[in-house]
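Fit chains F, V, E, S, L, R and B to the supplied structure of chain Z, relying on the hints for placement.
Protein chains: 8
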Amino acid sequence: MKNRKRESNPKHADAPSLKPQSEAAKRSGIGEIDLRILEALQDDCRARLESIAKELRIPKSTVHYRIRRLEQAGVIERYSAKLNASKLGKDYLAVVLVRAKYGPHYHQRIGKKIAVVPGVWAVYYVLGDNDFVLLIRANDRDDYMRTLEKISSMPDVERTSTQIVAKVIKEDPRITLT
Amino acid sequence: MKNRKRESNPKHADAPSLKPQSEAAKRSGIGEIDLRILEALQDDCRARLESIAKELRIPKSTVHYRIRRLEQAGVIERYSAKLNASKLGKDYLAVVLVRAKYGPHYHQRIGKKIAVVPGVWAVYYVLGDNDFVLLIRANDRDDYMRTLEKISSMPDVERTSTQIVAKVIKEDPRITLT
Amino acid sequence: MKNRKRESNPKHADAPSLKPQSEAAKRSGIGEIDLRILEALQDDCRARLESIAKELRIPKSTVHYRIRRLEQAGVIERYSAKLNASKLGKDYLAVVLVRAKYGPHYHQRIGKKIAVVPGVWAVYYVLGDNDFVLLIRANDRDDYMRTLEKISSMPDVERTSTQIVAKVIKEDPRITLT
Amino acid sequence: MKNRKRESNPKHADAPSLKPQSEAAKRSGIGEIDLRILEALQDDCRARLESIAKELRIPKSTVHYRIRRLEQAGVIERYSAKLNASKLGKDYLAVVLVRAKYGPHYHQRIGKKIAVVPGVWAVYYVLGDNDFVLLIRANDRDDYMRTLEKISSMPDVERTSTQIVAKVIKEDPRITLT
Amino acid sequence: MKNRKRESNPKHADAPSLKPQSEAAKRSGIGEIDLRILEALQDDCRARLESIAKELRIPKSTVHYRIRRLEQAGVIERYSAKLNASKLGKDYLAVVLVRAKYGPHYHQRIGKKIAVVPGVWAVYYVLGDNDFVLLIRANDRDDYMRTLEKISSMPDVERTSTQIVAKVIKEDPRITLT
Amino acid sequence: MKNRKRESNPKHADAPSLKPQSEAAKRSGIGEIDLRILEALQDDCRARLESIAKELRIPKSTVHYRIRRLEQAGVIERYSAKLNASKLGKDYLAVVLVRAKYGPHYHQRIGKKIAVVPGVWAVYYVLGDNDFVLLIRANDRDDYMRTLEKISSMPDVERTSTQIVAKVIKEDPRITLT
Amino acid sequence: MKNRKRESNPKHADAPSLKPQSEAAKRSGIGEIDLRILEALQDDCRARLESIAKELRIPKSTVHYRIRRLEQAGVIERYSAKLNASKLGKDYLAVVLVRAKYGPHYHQRIGKKIAVVPGVWAVYYVLGDNDFVLLIRANDRDDYMRTLEKISSMPDVERTSTQIVAKVIKEDPRITLT
Amino acid sequence: MKNRKRESNPKHADAPSLKPQSEAAKRSGIGEIDLRILEALQDDCRARLESIAKELRIPKSTVHYRIRRLEQAGVIERYSAKLNASKLGKDYLAVVLVRAKYGPHYHQRIGKKIAVVPGVWAVYYVLGDNDFVLLIRANDRDDYMRTLEKISSMPDVERTSTQIVAKVIKEDPRITLT
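Protein chains in written order, with our numbering: chain Z, 546 to 723; chain F, 546 to 723; chain V, 546 to 723; chain E, 546 to 723; chain S, 546 to 723; chain L, 546 to 723; chain R, 546 to 723; chain B, 546 to 723.
One chain only, chain Z, in its complex shape:
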């Protein structure tokens, strides 16, 4: 079907070929055009549909229709302004390794409790020496300490190890799609 569409758009026949799509994307019925639209929206979601359409050489109505479909499918979760944490004084960052006490479904139970602590913006349950990796953003050391105190005083948290971020070399949550 993807090919059919492209055939009906002969003038785009010379569009550069994409990398082979992931299996999951293929199964979700997400085609090359979708990926290109998503990429455009990641870079600038306030761009006008006309410019995306022109860039991808497809009708504006197609862009509109596809975005609607991707939103409904939950592929697009939100349109969000990316802010500069440093200029907002939120540059006391830490990666925290957490060990928890084992028990039935401990990782769901504890993970959720940690996730709602203010300042904790990512909680990964990992397989390895530690149970969780957290990413924390604070105003300064004292603010960080308050956040850490909330986590280390949870009865199921056994140990935390803070790695203060000395420098953010890259932090770009956009997903490489093509």
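Calculated directly from the structure, the hints in this document are not laboratory data. Worth double-checking, as some hints may not be accurate.
Said to hold, decoys possible - Some but not every residue of chain Z turned toward chain E, in silico, with C-beta under 7 Å:
(1) Y647
(2) P649
(3) L672
(4) D674
All C-beta atoms in this analysis are idealised placements derived from N, C-alpha and C, irrespective of residue type, glycine included.
Here is chains F, V, E, S, L, R and B on its own, set in the frame of chain Z:
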């Protein structure tokens, strides 16, 4: 001046009081109104200015002017669609701890080389037992292996330790501002 | 096709239902009947086809045909007598964690060199603090020492950590299929 | 050269000398002929007795008798088809290091409980920093997670550390005998 | 104001320029002259005011006034003789890493209890693998053992790791100010 | 001689008895009176001799003479104002564990190089998993980073591990003498 | 023969039965009587043969003959006075874990070099995270430091970790034989 | 040269100077002659007094008297035959690192309990990451396992880490005295 503005907007006198602002924000001349606008834009940057203005009980022109200023100051870096990595088949995630060989300015040199490896979306230079913490997103194990191979074959990388993410409990890069 | 077969074998309609098959098995066209045959062959590959056929309530010719097909597809790799290592005096076992020097494709290069050392019966390239996990079987300590010496004297092996097996609580390489 | 020798010894009565046998094998009364038969059965246990007899230049009746004896002595435990785990979709493998809470006979008690968890195909009680090394085979990450959850929720399990297998470089449980 | 003063002291106009002051010092209203006085007092707090005044080319009355102010502000905490620990037989030194049991405000509670153990002269609550780093001075091994015993028998102390100091290469608590 | 002095001061016969002195102090000929004088000077080295004499119930001339002798013997190294680091903006503190490359007299060579890096106020050569423990004082994170960069770029430094000090619970270099 | 002897000594028929001997002892032809003699000689090798003979209820000539044989077989290596290290001022003890650089036969090569360093009284090549465990006896810290310096400056020694012995709770090299 | 000196001192009363004696030895009143006698007795405690006397060029009566004194002072603890563990089948050796649960006087309490476990011939209470280092001698793996089981089932033992000794490169408990 912040206070003056709020005084000249008596109908907003009952707006909820905000947390004390961070030192840095204060010094950058970012006031409460700015923080509320930023928060709105983080949640939905395609929202119409009218609705933001109404929500914050300030004139639309103020919203417009302030956003322009925050963009110019680099506080707003980008407007970006937040995608669901899992639905795009990008759900082989790993947190990688990296040790590098020491040398003058090694962390800048190596950090930058790692940052451009496809799949690596965050590179933190940390103070602790490791030198870098990386966040990596891949399609599947083989895709991850190719990424890791690129990193581990760098002459200055001494050791990597992969922690496969079993579950993303939270990953929300929005900054808590108020 | 799987369903068709079972439909044409109405007398087996009451055969117990199996667990949902894995995605991979499904894609390889391996059906429930195949999995049951494989399981029988894992338990006793010298069993007579008749008894397997009777057990599974399918014609002997089907069993024969399917085994042939599974052999050709490489699903069945070998028919092998499982020996008791302890009664053969091969009960000095060790799990060895190996760290190697990084470099391009180091894990393939080094992994292969380790795999041919006599006594090493399993070599896993793992993601974590170590690079390889080895399973080694030796006659006694001195025999083990000779094996270890061969590995630790490889120029690309940085460190090994031997965990002597005090007791084999379970070691059954048969795959649970249903 | 081995073959030449054997040819010049048509009666086979003085078959070429093997490597010095292990003490244990000697004490069990397992001789060189037995080891050769066992090796043949490890490579192909469905081979016809005639071909083994021919290969080893001994009467078929001897092969038959000796196999019977080795089966009765428990040296041969089973005849089993060796399957390709990957083609069956069972290629999410992990090596898990487990620490348990100490107590009288803890390793027997806990080891047995872990051994019956589906997916766990080997449990080694080891001397070192950890108490057990497990080998686990799962269909995929979620399947693995269910297995791990069963282990980590046991009250006597203190900590587990998963090392995801990135590549199986070798896994051949056959025992080198000669 | 800082500049005004220097202007009223024209003959010191050629005093060497200082490093840019820290933000905190600036905010506390501590100027260059103050830093120089503090440095002089760190090196020899029994020096006569005249010699400090002469060294800094400012009136003795200014020196007197400023010292008074710095004392009142708590910038100067004490005037103390620095003794040679080794000549007093206090040269069994240790750096001790302590892990404590987590709980609400555990670090304040436990930290204070450790701080009053005789021989413990520094207690740092640190972010990392350990909770506290202690510096201990004892007469000899037995004396050290008594100190350690007091700490390790506290119910909230989980583990200590002693690093005996083999040699004090530097220990100079004076703060570099200029 | 110590006793003689006290006998000649009969009115002080009821002075509280001291703890048994350390062997080293005894051998250096440092008596109880000396220890009391040293303690007084640690607490306030600008105290008037009269007040020390009165406190210890000995003639002022004795105090004067003994202090002179302790200075000459190097027991008193310096008279120093103890400053409040935090009020001077020097409150980014770290304990750094350093591993160095081994070689003849490496600890003296490397230790000295580290000791002169600005901001490093203590360097301990320790026996254990690490070679050196450093205490570092910096203005802020960037200042600390410059210090760390100087250390980690030394060719003989193999690895550093920073433990950021979250809170100074105690830091009092005075030696307990009695 | 062991039994025969005991039969020819009917009066000793009621001698307490011994633990089953080790395989190795049995194969070396060392019988129960030998073990009892060895035990006696471990406890007091200057005891008179008569008293040993009486204690074991065997003729003195047998004791004499057997000791001669055990000496010749190398079972008895030496007769040595066991001294009290502490009373000789040799009570600065350390257990040192050593990691060496790998290479062909590195453990023999390096082990021997370490074994001749004065103060090192035991060198064990171990299987685990470390390569060697050393036991060291020194007069004091400075003496220990000289010993350690000799080891850490060897080009093949990668890392040492000293564990100072705080207390010798037991150190009795006598072998439990019965 | 040592010998020359000794020849020029026919009476031996002032035997050649030895290495500077340890402080402790000096304080115990142990002189050079004593140390030489002790050394002789460590090498061969069954040597005849005449030969020691001749070797040291002192009267036999002096040797006799001094030995008596050293025995009474507890400097000589025992005269013991040093046996070859390997020839007695006691060559399954392990170094075990033990962590215990903290509590008042835990190291004395637990240390003593461990010390009486058969097979444990040395128990050192150490300062570092572990609490105890044990030296264990067993007949074979099963024997070792029984010993370890006794230790790990003690309620106060938290963790043990066994390092199997692959080779005893040196084990000579004699103390270097001169």
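Agreement of hint D674 of chain Z with chain E interface, Cβ distance less than 7 Å: holds, 5 Å
- request: Mind checking the CB of L672 of chain Z against every CB in chain E and telling me if the closest is under 7 Å?
  value: holds, 4 Å
task: Under 7 Å, Cβ to Cβ, is where P649 of chain Z needs to be relative to chain E, so tell me if that hint holds or is violated.
output: Because about 4 Å separates P649 of chain Z from the closest Cβ in chain E, which is inside the 7 Å limit, the hint holds.
message: Given a cut of 7 Å on the nearest C-beta pair, is the interface hint for Y647 of chain Z held or broken against chain E?
response: holds, 5 Å
Hint violations for this structure: none, all hints satisfied.
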